[in-house]
Amino acid sequence: MKMASVRSFAYIPPPIPFYYSLLIISCLASKFLHLALHWRSVSPVYFVVYLPTFFFQDALVIILGRALLRGFDGFVQQRCCISGCSITIVTWGASAIQIGFFLETGSQVEWGASSSFLRDPAAMKILFSGTKTVCMVGAILSVVSALATPYLHTIAGNVLQSACRVIIKSRGVLPPYTKSPSKCPNYRVLLLPTVILGLYLLCVRLIRPDVPYNHLSSTLPFSLSSAFQKPSEHCHPRQHPQYPFPQFISPDKWLAPSGYFPGWAPGRHSSSASTRPEWMPDDPPPGFERWFTDAQRQERYDIGGKGGRQRECMRKHELYDAMTDPAKISNLREPVHSRLKDFFDRGSVQIEHIVMLVLESARKDVFPMKEGSFLYDTIVNYHGDQGRQAIIDKLSRMTPTAQMVTREYATNSSGKRMTFGNDTIEWVDKIPLSMGGINVKGALTASSLTLKSLLSLHCGVMPLPVDMLEESLLEVYQPCLPHNLSLFNSKKTVEEQQSAYDELRPVQERPWKSVFIQSSTDDYDRQSDLIEQLGFDEKIVKETIEDPSATYYPPKTREINYFGYSEEEIDPYIKDLIFDAAENKTRLFLSHMTLTSHHPWNFPKTFERENYFDWWSHRDLNAFLNTVRYMDSWVGRVLGYLEEAGIADRSLVVVVGDHGQAFDEDDGLQGTFENSHISNFRIPLVFRHPHLPYIDIEANLTTGMSVLPTVLDLLIESASLNEADTKIAKSLIHEYQGQSLLRPFISRDQTGRRVWNLATINAGGSILAIMSADLPYRLVVPIINTSQDHRNQQSDNETGGEGSFEYRFTHTQADPNEQQALERWKFADLRQAVRDEYGDEAGEWIEEARRMVRWWIAEQMRIWNY
Numbered sequence: 002m003k004m005a006s007v008r009s010f011a012y013i014p015p016p017i018p019f020y021y022s023l024l025i026i027s028c029l030a031s032k033f034l035h036l037a038l039h040w041r042s043v044s045p046v047y048f049v050v051y052l053p054t055f056f057f058q059d060a061l062v063i064i065l066g067r068a069l070l071r072g073f074d075g076f077v078q079q080r081c082c083i084s085g086c087s088i089t090i091v092t093w094g095a096s097a098i099q100i101g102f103f104l105e106t107g108s109q110v111e112w113g114a115s116s117s118f119l120r121d122p123a124a125m126k127i128l129f130s131g132t133k134t135v136c137m138v139g140a141i142l143s144v145v146s147a148l149a150t151p152y153l154h155t156i157a158g159n160v161l162q163s164a165c166r167v168i169i170k171s172r173g174v175l176p177p178y179t180k181s182p183s184k185c186p187n188y189r190v191l192l193l194p195t196v197i198l199g200l201y202l203l204c205v206r207l208i209r210p211d212v213p214y215n216h217l218s219s220t221l222p223f224s225l226s227s228a229f230q231k232p233s234e235h236c237h238p239r240q241h242p243q244y245p246f247p248q249f250i251s252p253d254k255w256l257a258p259s260g261y262f263p264g265w266a267p268g269r270h271s272s273s274a275s276t277r278p279e280w281m282p283d284d285p286p287p288g289f290e291r292w293f294t295d296a297q298r299q300e301r302y303d304i305g306g307k308g309g310r311q312r313e314c315m316r317k318h319e320l321y322d323a324m325t326d327p328a329k330i331s332n333l334r335e336p337v338h339s340r341l342k343d344f345f346d347r348g349s350v351q352i353e354h355i356v357m358l359v360l361e362s363a364r365k366d367v368f369p370m371k372e373g374s375f376l377y378d379t380i381v382n383y384h385g386d387q388g389r390q391a392i393i394d395k396l397s398r399m400t401p402t403a404q405m406v407t408r409e410y411a412t413n414s415s416g417k418r419m420t421f422g423n424d425t426i427e428w429v430d431k432i433p434l435s436m437g438g439i440n441v442k443g444a445l446t447a448s449s450l451t452l453k454s455l456l457s458l459h460c461g462v463m464p465l466p467v468d469m470l471e472e473s474l475l476e477v478y479q480p481c482l483p484h485n486l487s488l489f490n491s492k493k494t495v496e497e498q499q500s501a502y503d504e505l506r507p508v509q510e511r512p513w514k515s516v517f518i519q520s521s522t523d524d525y526d527r528q529s530d531l532i533e534q535l536g537f538d539e540k541i542v543k544e545t546i547e548d549p550s551a552t553y554y555p556p557k558t559r560e561i562n563y564f565g566y567s568e569e570e571i572d573p574y575i576k577d578l579i580f581d582a583a584e585n586k587t588r589l590f591l592s593h594m595t596l597t598s599h600h601p602w603n604f605p606k607t608f609e610r611e612n613y614f615d616w617w618s619h620r621d622l623n624a625f626l627n628t629v630r631y632m633d634s635w636v637g638r639v640l641g642y643l644e645e646a647g648i649a650d651r652s653l654v655v656v657v658g659d660h661g662q663a664f665d666e667d668d669g670l671q672g673t674f675e676n677s678h679i680s681n682f683r684i685p686l687v688f689r690h691p692h693l694p695y696i697d698i699e700a701n702l703t704t705g706m707s708v709l710p711t712v713l714d715l716l717i718e719s720a721s722l723n724e725a726d727t728k729i730a731k732s733l734i735h736e737y738q739g740q741s742l743l744r745p746f747i748s749r750d751q752t753g754r755r756v757w758n759l760a761t762i763n764a765g766g767s768i769l770a771i772m773s774a775d776l777p778y779r780l781v782v783p784i785i786n787t788s789q790d791h792r793n794q795q796s797d798n799e800t801g802g803e804g805s806f807e808y809r810f811t812h813t814q815a816d817p818n819e820q821q822a823l824e825r826w827k828f829a830d831l832r833q834a835v836r837d838e839y840g841d842e843a844g845e846w847i848e849e850a851r852r853m854v855r856w857w858i859a860e861q862m863r864i865w866n867y
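Numbering (our numbering), first residue to last: 2 to 867.
Since the hints were made in silico from the structure, they are not lab data.
Treat the hints with care, since some could be wrong.
Said to hold, decoys possible - Beta-carbon label-pair distances, calculated as ranges: (1) 815 to 559: 41 to 49 Å; (2) 137 to 210: 43 to 51 Å; (3) 559 to 838: 46 to 54 Å; (4) 838 to 245: 18 to 26 Å.
Said to hold, decoys possible - Straight-line Cα separation of at most 16 Å, EDC-like style, residue types lysine to aspartate or glutamate; simulated pairs: (5) 728 to 409; (6) 728 to 718; (7) 492 to 510; (8) 492 to 476; (9) 395 to 378; (10) 395 to 615; (11) 442 to 476.
Backbone N, C-alpha and C fix where the C-beta goes; we use that ideal spot for every residue, glycine too.
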């Protein structure tokens, strides 16, 4: 009896009907999720009217799947069945990933953008980061499919067979056969409603607008095809796009050269971009390819500097020229902030070393965590009145280092400002509150993709609006900070560099050493190429740590995520770099990218966990807050090493976020991938130096592009360079598009030109955000996935990407956390909605913003020679 009962539960469905059920269940499950995510974005009436047409592709899957999955009788059917099973497995896997991705992030996978992930083995780890959830979804789909076997297979077969009989009988193909008249189906009666229904659906489909309904109609496995498209291999025509606001760049608005300022003459045909400065060597060093002659550039490509397609497209190499850039607004002719100027004039500020700490997923509202933000209120309100005081005290102690560095102190439940003089924390700031450097408020990242953001921070350039780091295959159109420091070194003779280690030699004569360090891999998305491209002398990454020849091999901890280790693993390496620089009298530029605060927000087991919510609630956000607390402690540790080595008072420390991190609690979507929420873009930015006075800078919409010119300006104003290097720096600083934060930030110049902020949204080629510094408006624009194909010529009625993503408008002053965004599929519809809600000024602004986006995309393609 027991054996019989066991056998009764060991149900194994017939394979062919099971595969068919799995295909249909997987296809429809992903389709219903797709519709559920978008049904609110269109009119309910239109949604209902056009609903049947959304399933044309699904009907095709049902029919073709049943035709392929018939059985193994005969050679042809065997091949068809194998094909059908293969399609089923792919569809099942894609559906499980899509549903799992939704459960993890609240959004869906856009397969077109994921094509770059599929071609990058390291990037695939991200897609599989939610393996448990995906496996669970896959198992559920399999169980449901098994329960539907063989019913779906049988029903579909009967329906298709009946349909064939109707068609064949109506055409008089079948021979007559004898049956009782009462049991013989009246095929003419069945045919009429079928034809009427078909004509109705055809008419509805013909009148249905393409946008956004084509996107709503997409279904697996057809939507997967975009994930396997390869980038175009042909060379796109290069044109100088016309600046959309010619009234601001007419010759009467041009600026004449003055001193190191090269002037500003947009539209001028003669360019100074290739004019070699007197300080440039005959053979420009890496990073200064802009000043190559055509022969030098051709030689560099022939040696194998860049890929073959780039060489083939070298018909005319475009150059960036600050003098003719119509969008560049410089504040270098403004005076340095008076408080800073006083200290520079006294000669009390010396910058011997530069440390750049790039904090992963660093939202501004957690650096520091303090009252007054939407996130803070969300956490406090969760606990109600009973737990309010306890959670306020816990939050006020969460980021002590950030509070001391920014001078933005939290208050505890008693309303008292926090002090940390006697606390047992990693680091305590010992300098007066009136000192400390520049705290920038209003900073945004140039891209919510980490590597594009790193490029902007180190090179002062705007990223390409394409998926992933295509920039690593190209020539960066500006020299990066390590390139500039290497150029300073090259101007010193060998004897000068050797004698620089003498303590009696001035700091300005000592050589620079540039080092990049992170505890994660640099295999992801060609980061290894990027680090080389940025010009660093040395790098320490996950692969360095795991090398048996490494100083501190083997690693002492386990990997915390799919990228690598926590910062504990590179602690001794950072300490050595700092102490070696102090001992060897070299000038160190140390750029450090953190990892622990990256998804999935794991941290070392030795670090004590805090609960900011109940254990069953808000788990991802709670984990993130713990990694923020860990990273705050880590930043304090690095600052402590500078003090231990005795070089803190001669070190400029730049603390900046690569991008923010949105959560469900913000707007229902989690993560940065194709998520335009403002919390993914607001970042901390601090220039810390113990001998600089503390000042708050309100620089609305400044980006990482301002870091490099600000660092150069600091080196110049503090007299931290020798005479030759100072001349180079004064010349180079005018080449960068970002403004120096030592001087008043200009949001709109005297001609009326706006400072526009354009930011690419992870993965880079689907949507971008645009703002202007003078008005509190923000527009998110769908764009052509330019990693696949870019067309400069577009009609006046489109930006180029309508169909897959909605246009989104927010008023960041009235709605700072973007809780009431206006979203429309068509730009004209959004423009009208904005006018109705916010008036004509806002309506005119988004029209200007759209035109700026179109120009900017084409301009980026040109200056990157993409």
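(request) Run the structure past the numbered hints and jot down the numbers of the failing ones, going up. (result) 2, 5, 8, 11
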